[in-house]
Structure formats: structure tokens, C-alpha cells
Amino acid sequence: MSLPPSSQLALTPSQTAGPFLAIGLPWPDGPFVVPEGTPDAISISGRVLDGAGEPVPDALVETWQAAPDGSFAHPDDPRGPAGQAGFRGFGRCPTDPGGRYRICTLRPGAVPGPGGGTEAPHLDVSVFARGLLDRVVTRIYFPDEQAANGADPVLATITADDRRATLVAVPEPGAGRFGFRFDIRLQGGHETVFFDV
Amino acid sequence: MTTEVPPVPGRLVLPSYQRPAGVHPPLNSPGYASSALRAPGLPPVRLAQGLTEITGPLLGAERVTVADADLTTRHRGEPLGERIILTGRVLDSGGRPVPDTLIEIWQANASGRYAHGVDDHDAPLDPNFDGAGRCMTDSGGRYRFVTIKPGAYPWRNHHNAWRPAHVHFSVFGRAFTQRLITQMYFPGDPLFGQDPIFNSVPDPAARERMIARFDLATTQPEWALGYQWDIVLRGPAATVFEATQERR
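First to last, the sequence lines map onto chains Y and S.
The first sequence begins at 22 in the numbering used here and counts up one residue at a time.
The second sequence begins at 30 in the numbering used here and counts up one residue at a time.
The shape of chain Y in the complex, shown without the other chains (with noise of 0.2 angstroms):
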């Protein structure tokens, strides 16, 4: 059940957003999936480092995740109508000089996976800046989501367990299960794990 390879295009190809993203992409409720003060929200934050450790203050964070409920607000979700009818599910954030950058959201659902598993509680994420010349794409776990993340397909195909901690985010000392720390290094040690989708 494929199309035929006889329609293909050419694909267009990535260019780095460069260093003047800011003019173009930054919306004033982009960081907000949901309003700040919304019941159940958490805060994801984090910087984006690179190979130096210093932070990359020209960034832009985007993320796409499901509903609390596990569902997606999209036509292609195959279970039918979004449970969570209005929730937006894509994030948006520029770094400010720290490097730093803030979502405000709702906690993802489980999703299953393909082959048959079941996906631990992500956000899928994607940092545009300077220098990079496509995005690069890594996901958001939970730290307080052990035995689904342990049977999570992505995570499992992460055989090194440092890597795989790069993955999972880290509470924020104080907020309980509403705060969350996700720091990005773009390259050296502590590489963040980047994947190919």
C-alpha cells in the first residue's frame, strides 16, 4: 500500500534560520501551549549549550507532543476525534541571552508506538539557531515516569545509559511534579542525543 515512485519531487532542501530568527518566528503565546495558571500545567525550561558549554543565545525551541490523554489534536491520529478538543500541543520559545528558554504545558500522555509498544510521556522537540543547518530533533521524558519510560521503544533503542539520560528531564528542585529541567548541549561531553526522524 504504497504510493507510486513515479510521482516523486525533489525535496527542498533545510538553510540554517540564522542568527535574526527573532524578527520572524517568536510568538508573544508561543511558549504558552496552555495559559500560565492553567490546572496541571508544568513548566519545561532549560538552556541550549553548545560544544563550548556556553549557552546559544539565538535559538528557537519548538515542541510537539499529545494531550494529557494520549491523543492528538491532528486529522492523522487514526483513533479518531482529539479527547482534549482546543489543546494546541506545539510549543514555541526563543533562548534569551542566558541561553535559556520556558514551556508552559500540560503533561503528554502515553501513545503507542509503532511495533506494537507503548511510548512513555514525550514531547518531541526541535532547536533551530545559527549554525545549524537543519533543525536537529531530540525528545523531552519524564522523570518521574520510570516504568513506562524503561518499556519505551525509543529509549530502549539507546543502549548507553548516559546517553539515554540526556533524554530525561530532571525535576526542578521545589516544584513537585509541575517543574521540569531539560537542558540542550549541542555537541561535547553530555552530547544531547539527537535523533534522525
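Since the hints were made in silico from the structure, they are not lab data.
Hints are supplied without guarantee of correctness; some may be wrong.
Label-pair distances were calculated between CB atoms; the ranges are [to be verified]: (1) S:L109 <-> Y:G107: 40 to 46 angstroms; (2) S:A246 <-> Y:F199: 54 to 60 angstroms; (3) S:L154 <-> Y:A196: 40 to 46 angstroms; (4) S:D244 <-> Y:G171: 53 to 59 angstroms; (5) Y:D50 <-> S:L245: 23 to 29 angstroms; (6) S:R92 <-> Y:V191: 30 to 36 angstroms.
All C-beta atoms in this analysis are idealised placements derived from N, C-alpha and C, irrespective of residue type, glycine included.
Fit chain S to the supplied structure of chain Y, relying on the hints for placement.
Coordinates of chain S only, in the frame set by chain Y:
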């Protein structure tokens, strides 16, 4: 606030998006100095596309006004420079139009200066030009912007380095896998040969696909030059996806 969602049937048919082998620039591109400390050193891990990847944000028209597609009429006066019309279609690799998808653009002014505090190029700002535009594709995947032709500008990548004139384009498509940020260039630019960003795309034919085509039919007499540029995103092919778990 969790509502009941139907359980997953045993077998589902989901699209799977082709991987863009050989099209995009390698992240580590020695000619582009900014990549030295930012390009990951380790190869990416192949991710099997699942529901998170084959869906994506469907950002509605509520985010865009008609005026956002005309970068020449948003200020008190008209910007300086050569007025142009940029238009084309967003398609997937199967040739299908991508309707109702958000396109965002940003660019330098006619003098080659960005309206951004970090740009210290010794060229004038234009109080009538901020360089940002947005529109939604129509039902046929078409978009259309009115703007001015951006100028070339120097940068410090290497001695006497100049960027060819370009417009930054950001496109969502309908799936996370289709997300694309790129640059559109103008035909015949003499600066292509020395530009490490343009040339970071290894395949010469692929580089050509970043260059708009001057089009007399799009050009409006006594008013603006017209350029056509189509954007092609990764396309879906249907594959069977096994999913037996219920949502938690």
C-alpha cells in the same frame, strides 16, 4: 480533565514520511564557521516514526491577517527598494498540495540590513520595513507575499564574505516530520560561488531548488517584479502500523 478515548485497534494504517537522504546539508560543514561549536558531533539515532512524528501542529488562520502577507504596507510610508511578488506552492514529494499551512518569512531590507539589534552592518535601517511576513497556503497549497528585494550583506565567516540576497522561509506542513526552515535565493546571484551556506547543500541540483524563478506572468506592469518558488516537503506513503496498546 481526561476524557474517554477509543482503544487502539490491532492494526492501523498510518502514513510514514520518506527520509530526506542526500538533500539537506550535513550539520558539520567546515566552511560555515558557526557550525563548528554547534553541530552535534555524534550521528543522529534513527527514530521509528510514530504518532508524534506523523502528526504536527495545525496552526490556524487565526494567527494570520491578510495584511501580514504584504511587507510593504505595514508602516507609515513605503519601504525603499525593488518591490517584488513572491509566490508559489507548498507541495509534498508526491506532488500533492499542502493546504492551510502556515508560512513565516523574514529578511533583510533593500540595503542588506536586518531590523535586529545584533545586526551591526553599516547600512541604513528603513523605518518602513521590519522584514517579517506570514500567510497561510490556500486550498491549492498556494502562497503569495508582496515585499521588497533584500540586499546582499557582509558577514564575518571568512575574508570578504557576503551573503547572497535571500528570504528566510519557515513552513510547517501537516506533520512533525515535514517541518522545514530554509532560504529562498534569487536567480543569477554572483555571490553563490563564495557562500558556504548556499553551498552546504552538497547536490548542485538540490541547490538549484532553493532559487526562485523570475516570472513575467507574475510580474505586475508598472508595479512589481514577480518570482515563483515552490517548496517541496517530505511526502507520506501509507504503511501498516501495529498498535495493540490502549492509552493510559
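Structure-based check of each hint:
no.: 1; hint: S:L109 <-> Y:G107: 40 to 46 angstroms; result: holds, 43 angstroms
no.: 2; hint: S:A246 <-> Y:F199: 54 to 60 angstroms; result: holds, 56 angstroms
no.: 3; hint: S:L154 <-> Y:A196: 40 to 46 angstroms; result: holds, 42 angstroms
no.: 4; hint: S:D244 <-> Y:G171: 53 to 59 angstroms; result: holds, 57 angstroms
no.: 5; hint: Y:D50 <-> S:L245: 23 to 29 angstroms; result: violated, 41 angstroms
no.: 6; hint: S:R92 <-> Y:V191: 30 to 36 angstroms; result: holds, 33 angstroms
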